[in-house]
Structure formats: structure tokens, C-alpha cells
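Going line by line, the protein sequences match chains S and C.
Going by my numbering, the first residue of the first sequence is number 1, and it counts up by one from there.
Going by my numbering, the first residue of the second sequence is number 1, and it counts up by one from there.
It is worth saying that the hints were derived from the structure and are not from the lab.
Be aware that a few hints might be false.
[What the hints assert, rightly or not] With the C-beta cut set under 7 Å, the calculated list includes, among others, these residues of chain S facing chain C:
hint, residue
1, 58
2, 60
3, 92
4, 264
5, 266
6, 268
7, 271
8, 274
9, 276
10, 277
[Stated by the list, open to error] Chain S is nowhere near these chain C residues, computed Cβ spacing over 12 Å in every case:
hint, residue
11, 123
12, 161
13, 250
14, 258
15, 287
16, 309
17, 322
These numbers were taken from a predicted model, which means no experiment stands behind them.
Built from N, CA and C at the ideal position, the CB exists for glycine as well.
One letter stands for each residue in the lines below.
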Amino acid sequence: MLAQATVNGLLLGGLYGLATVGFSMVWGVMGVINLAHTSFIMLGAYITYVLFERFGVDPLASMPLAMAAMFVLGYGIQRLILNRIIRTSLLLSLVVTFGIELVLTDATVMTFTSDVRSVNASYASASVSVFGVLIPVVRLLAAGLSLALGIGFFVFLRYASLGQAILATALDREMSNLMGINPQTVFALTAGAGAALAGAAGSLASMLFPVSPTMGVSFLAAVFVITVLGGIGSVEGCIVAGFLYGLVQAWAAHFLGTSYQEIVAFAMFLGVLVVRPQGLFGRAFFGEHA
Amino acid sequence: MSEAAVIAGDRARMPSARPLVWVAVAVGLVVLAAAPAAVNAYWLRILTTVLMYVIVTQGLNVIVGIAGYHAFGNGVFFGIGAYACGAAMASGLSFPVGVALAVVTSAACAFVLGWPILRLKGHYFAIATVALNLAAVQIVIQIGGITGGAQGLALPLSDWEPRPLYIALYYAMLAGAVVSTAVVAILLRLPLGFALRAIRDSERAAAVMGINTTKAKVYAWAISAALTGFAGAVWAYWITFIEPSSAFDPAVGVKAYIMLIIGGMGSILGPVIGAFVLEIVSTLVWSGFLHAHQLILGLLIIVVCLVAPQGIIDAFTRLFRSIGKRDGAA
Chain S
1 MLAQATVNGL LLGGLYGLAT VGFSMVWGVM GVINLAHTSF IMLGAYITYV LFERFGVDPL
61 ASMPLAMAAM FVLGYGIQRL ILNRIIRTSL LLSLVVTFGI ELVLTDATVM TFTSDVRSVN
121 ASYASASVSV FGVLIPVVRL LAAGLSLALG IGFFVFLRYA SLGQAILATA LDREMSNLMG
181 INPQTVFALT AGAGAALAGA AGSLASMLFP VSPTMGVSFL AAVFVITVLG GIGSVEGCIV
241 AGFLYGLVQA WAAHFLGTSY QEIVAFAMFL GVLVVRPQGL FGRAFFGEHA
Chain C
1 MSEAAVIAGD RARMPSARPL VWVAVAVGLV VLAAAPAAVN AYWLRILTTV LMYVIVTQGL
61 NVIVGIAGYH AFGNGVFFGI GAYACGAAMA SGLSFPVGVA LAVVTSAACA FVLGWPILRL
121 KGHYFAIATV ALNLAAVQIV IQIGGITGGA QGLALPLSDW EPRPLYIALY YAMLAGAVVS
181 TAVVAILLRL PLGFALRAIR DSERAAAVMG INTTKAKVYA WAISAALTGF AGAVWAYWIT
241 FIEPSSAFDP AVGVKAYIML IIGGMGSILG PVIGAFVLEI VSTLVWSGFL HAHQLILGLL
301 IIVVCLVAPQ GIIDAFTRLF RSIGKRDGAA
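Work out the full structure: start from the sequences and follow the hints.
Right, here's the structure in full:
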């Protein structure tokens, strides 16, 4: 039982990590706490649902489409709204993104009603048994793809010149500007990439969880805890913290009962904030001293 | 525009504006005091909600507007106040005692939690308060017992007739709104208020000037929590049934935050105006567009933040000033 709980927790943790990477990057690079992030997850899930239900597209095949759509949305929102806001007050972004979240969620309710939907791929109920532990294929796929995307983004930031521009802006906005990097463009690209990763997470989540307009909000607590645990703006921190979070959640449910899951999560969160606010892997990103 | 020009402009205009503000405040108070006799139950409910938000927003103004600490999850004290009052009344105490207990409990919680949490800066403090707010829901569910846990808590019903009771509760909220506004006005003149504004502008400089910054911040948060807890306590008796998800609804804190932005942070009357504008507009939107009211509210928030990030008072002042200038030039 413990082994089963551990495996389940770790697999779910992979998905949570991916759901958080974009949020953490946006916060790290421009100091924006994007409360609309979870609605990108929700919209990603709905895109997958629609393509699956209407056109029979496999959820894994629709993931790139969800990512592309969310990139455009994230890029547009940053260009049209947030870039104007962050020039004035950073904390104003909290309120604006709350407004954006309201709009996106309500638009989804109006389009799809608040009925709960589900995406049942042909392999939804398949599972493999390893040493007596049952591993559902969908969860394994979700965790594997999450890890792959997370590592991919990490490599992109380190080795692509565009990624290095994002990192440079995160570390020192003024200096990177002097080096000829346009911060407004970098912000929009970061927001787009963050939204795309959230869309991918939503796409994968649609196979595991019921799809509904409020499904994004259920990720909010996890996203906050993992961001702080991993260190703001740290992709590798996010991925490791995601697995850690999944593990702690699963163990809390196993040893204390499911009702204690969230208390343990918040205790962990407050503990990290007070003892080590920069997180496990945090460095002096821009968001740190904003 | 340079700082000096703004101050000079204000001085030139202030003498004529100040009596007008006092007249407006007096008229507003008289209208609000007379309102229960003139309005139906529906509008009495809305006005009571507005006044409740005036209290919560003034509470937020103390910690966010004056001290510059963005307590995004300040709604936690609303819930603590509601539950303190609810638990006290469920165990046989009277409503005034319940309210007093709620105020003391909320302030005490802020006092104790403030020492570790107020050491966090900027965003970290903001999300720590959000975490507190979310954790409180779970803690109340786990405590069970006198709080009723996840099943919620029913407060004893009053033996008053509904109409007089609702009017009494309206006056309780009105009194709270007046007191909380007065608290902000007085605080701004006290040494503590100067210390808090110094902290807002530069915490390190304030510390260098000999201000015990942690102590000042903890006091500010305790005042903020006491006001918010009062609103929660009256609200609990008003709706008579509270549950963790409604008492600790993060939307309470978030809404107050938006009202504070609409009205203008750190001002005395801004939160009052913000609460009236947002609550009345959202009520009208809600009754006019039942299905899209969240969408419209969201758009409204975005537009206000884009057009008037310093609040609507500031936006109007700027607008009038620019019109005045154009006239002067022509």
C-alpha cells in the first residue's frame, strides 16, 4: 500500500511540476503573480476535450495544439494588458490577473456550461504492474511527458539564445536591456511560454481529472506551494519540488488521512516561507527583490 | 509632473476642496443614517453589504495602504471574527460579547502570526497571507467541536422581528464603518501612522531612523485584523449560518483589495468610495446580466487597473486638473 501511494504521489507530482513551471518563470522573470495561470491549465484541458469529443483526436496529439493556443493567449495578454501594468505597480498585477481569471472562467462557463466533462482515451483504464504496484498508463504518460517538457524548457533556457535572453532579463533587467534585449518582448515570450506549458499540463490533466471550469483553481494551492518550495523562477526547482509535493501529499493521505493533505501542504508552505524563503533552489531572481 | 508642482497644485486647490469634503461626509452620514426608513429589504441588504466592505477595506487600508504590506489574504480575519462570534454565541454568550471576543481574537491572531510572517517582504508576505486564509479553512474543519467543522455552525436565532433585527445589524455595520474610517484618520496623525508610512516608503530607512519596524507592523496588522474581525462577527450573526468555505472565502479579501485600489490606497475616504462603487456596480451588473456578471466584473477590474491604477479619486483629480490647465492656456 505504501509503495502504491508513493508511486501514485510521484506520478501526480510530475504533472504538478509541469503545471507550475510557467507560473514560477513568469514570477521570476517579471515579478508578476499570475492568478490567471490556472485558467490556462483549464483552457488547455478544454481544448483537448473539444478535439477529443468532436474530432476524436488523441489527447496526446492535441497537446501541441493546446500549447500553441495558450502561447498565443499568454503572449497577447502580456502584450496588451500586463506590460502596461507592471510599469506602475507590481502588486497591481495580482488584481489584474484575478480579473483576467474571472473573465476566462466565466467565458468558459458560458461556452461549455459548468457541467463536468471527461476525456476517456482508449488506453484510459490500462495499467502495468511492477513488483505488485499497479501503475496506470495515463499517469505514467502524464508524468513522463511532464518531465520531458520540463527538461526541454530547462535546456531551452540554458542553451537557446532566446532562452538566455529570458534568463538574463530575470537576473538583471537593466543590464540585459543595455545588452540590446528588449524586456517587453522577453516578458511577452516568457508569458507565452509559461501559458503554453500550463496548457500542456491541462491537456495531460484532462486524462486524469474531470474537466470543468473550476478545475484550474484546484491547482492553485499546489502551484503556489511548488513555486515557493522550488525557488521562484527555477525550472529545475519546480520539477523537483513537484515530485516532492506529490510525495508529501500522498504520504500525508496515507499516514494521516486525506483530510490532512492540505494542512500538511500549507504547513510545508509556511515553513519554507519562514525558514528558507528563497526555496530549495532559489537564487536572486528579479522577482526576489521586487 | 514634478513632486513640488503636485504639492503646489494641491495647496492652491485644497482650501476650496476641504470644506466640500466635510459637507459631503456629513450629507453622506445623514443619508446613510436615515436610509433604513426609506429603502426596502433588498436595498437594505445591499447597503449592509457595502458597509461591511467599507470596514474590511479600511482594515486592509491599514496594513496595505499605510504600512505597504500587501495582505492579499486578509479575509482570514473575517473568518476568524465570524467563527469567534459564532462559537461564543453557540455556547450561550450574547451578541455584543461575541463581537468583542471576535475583535480580540482576530487581533490576537494577527499579533501572534505577525511576528514570523511580517518578516517576509513583498510577494512572499502576500502569498503567505493567502496560504493562511486557505489553511484556516482546513484547520476549522479539523478542529470540529465548537466550530461545527465541515458541517458549518448555526448561530442562535434572535427573538427580534426580522425587519428591526436587520436594521439593527445595518446600524452595527454603519457604526463599524464610521469607526474604522476614524481609526484610519486618527492613525495617520499618530506617531505609529508616521512610522508605518516611513516603513512603506523604505523599511530600511525607517529602521535606521530608530523605528522598531517589526513592532509597528505587528501593531498595524493587529488593528487591521480587529476591524476585519468585527465585520466578520456582525456578518456571522446577520446570515446566522456560517461554514468554513463561506467565512474564509478568499474572495472577501480579494474584493476588498480591489475596492482599495479603486478608491486609492492610504487615503481616508478612498476605501469608502471604492466599496460603494464596486459593490453597487457589481450588484447592478449582477441583476442586469445574470449569466455574464463575473465576466463583466473581471473586465471592469482590468479596465480600472489600466486606466486608474492610483484609484478613481486620483484619476478624477488628474482629469479635472488637466481640464483646468487647458482652460487656463486658452
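Hint check:
1. Contact between residue 58(S) and chain C, as hinted, is not supported at the beta carbon level, the nearest pair being about 32 Å apart and thus beyond 7 Å.
2. Taking 7 Å as the C-beta cut-off, the interface hint given for residue 60(S) is violated, the closest approach to chain C being about 32 Å.
3. For residue 92(S), the interface hint holds, the least distance from its beta-carbon to any beta-carbon of chain C being 6 Å, beneath 7 Å.
4. Checking residue 264(S) against chain C by beta carbon gives a least distance of about 9 Å; that is not within 7 Å, so the hint is violated.
5. Hint status for residue 266(S) relative to chain C: holds, with the closest Cβ pair at about 4 Å, below 7 Å.
6. Nearest Cβ of chain C to the Cβ of residue 268(S): about 10 Å, over the 7 Å cut. The hint is violated.
7. A distance limit of 7 Å between C-beta atoms decides the matter here; for residue 271(S) the minimum to chain C is near 10 Å, and the interface restraint is violated.
8. With 7 Å as the threshold, the beta carbon of residue 274(S) comes within range of chain C, its nearest partner Cβ sitting at about 5 Å, so the hint holds.
9. Because the smallest distance between the Cβ of residue 276(S) and any Cβ of chain C comes to about 11 Å, over 7 Å, the interface hint for this residue is violated.
10. Restraint check, residue 277(S) versus chain C: the minimum CB separation of about 5 Å is within 7 Å; hint holds.
11. The Cβ of residue 123(C) sits about 6 Å from the closest Cβ of chain S, inside the 12 Å cut-off, so the non-interface label is violated.
12. With a least beta-carbon separation of about 38 Å from chain S, residue 161(C) lies farther than 12 Å from that chain, consistent with its non-interface assignment.
13. Look at residue 250(C): its CB is around 9 Å from the nearest CB on chain S, not clear of 12 Å, so calling it non-interface is violated.
14. With a closest Cβ-Cβ approach of about 6 Å to chain S, residue 258(C) is found to fall inside the 12 Å limit, against its non-interface label.
15. With a closest Cβ-Cβ approach of about 16 Å to chain S, residue 287(C) is found to remain outside the 12 Å limit, as its non-interface label requires.
16. For residue 309(C), the condition that its CB be more than 12 Å from all CB atoms of chain S is violated, with the nearest at approximately 5 Å.
17. In this structure residue 322(C) is separated from chain S by more than 12 Å, as the shortest Cβ-Cβ distance comes to about 18 Å.
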